[in-house]
Amino acid sequence: GESVGLHLPTLSVQEGDNSIINCAYSNSASDYFIWYKQESGKGPQFIIDIRSNMDKRQGQRVTVLLNKTVKHLSLQIAATQPGDSAVYFCAENDYKLSFGAGTTVTVRA
Amino acid sequence: DGGITQSPKYLFRKEGQNVTLSCEQNLNHDAMYWYRQDPGQGLRLIYYSQIVNDFQKGDIAEGYSVSREKKESFPLTVTSAQKNPTAFYLCASSTDRRQPQHFGDGTRLSIL
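Residue numbers (this note's numbering), protein chains in the order written: chain A, 256 to 364; chain B, 2 to 113.
Just chain A, same shape as in the assembly:
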């Protein structure tokens, strides 16, 4: 069946370093993906999205890469800050969001 999943459940990063969070999907027809950030006790917050006609998209300190050949996308966070500590989800967006379990990012001072 269709699924969207993340490679690693946790990621520990030194403050100031770059973070890379990976995500794999199984539906080759998927054409729209979103990255969300969820802080403890709050709802997911939109970070960035990408459609299948692109392979890279940049935002403020974040970059999403999409590799349709291997059905993989990644979120890169530049110069990771303590405020980046959260759970990150990739999601495939059609009429619903299909989420994986998320990657918990912890930033070390």
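Hints were generated in silico from the structure; no laboratory data involved. Misleading hints may appear alongside valid ones.
Which residues of chain A face chain B? A partial, calculated answer using Cβ under 10 Å [unchecked claim]:
#1 Asp-304
#2 Ser-307
#3 Phe-344
#4 Gly-357
#5 Thr-359
#6 Arg-363
BS3-like, lysine-lysine: derived pairs with alpha carbons at most 25 Å apart [claimed, not checked]:
#7 B/Lys-72 to A/Lys-297
#8 A/Lys-311 to B/Lys-72
#9 A/Lys-351 to B/Lys-58
#10 A/Lys-326 to A/Lys-297
#11 A/Lys-351 to B/Lys-15
A few chain A residues facing chain B, derived, Cβ under 10 Å [unchecked claim]:
#12 Thr-324
#13 Val-325
#14 His-327
The C-beta atom is built at its ideal place from N, Cα and C for all residues, glycine as well.
On the provided structure of chain A, position chain B as indicated by the hints.
Relative to chain A, chain B alone:
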């Protein structure tokens, strides 16, 4: 400020009781959604509505009910038929199903 408001933030349910979770948005979005999140897991879709007076079951609709009488409101009722209701419930909205969904800050439901 435009956004999605969920209330209450915490809710307790007694055995055999129905409870209703509120979700209101002032973003003028047509589509609204309810998700359930269990500890350490992603979100699972309960119900969604693409337009007023219409809604569809998601992946885990059993034991839940919704209504969409107004564009800005999409309340979720957790019925006594839902045997494992303890979870974090999230409401979201979007302009349409192909646009990013914006989330409220959730309601945490527990069983007394």
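List, from low to high, the hint numbers that the structure doesn't satisfy. 2, 6, 8, 10, 11, 12, 13 and 14
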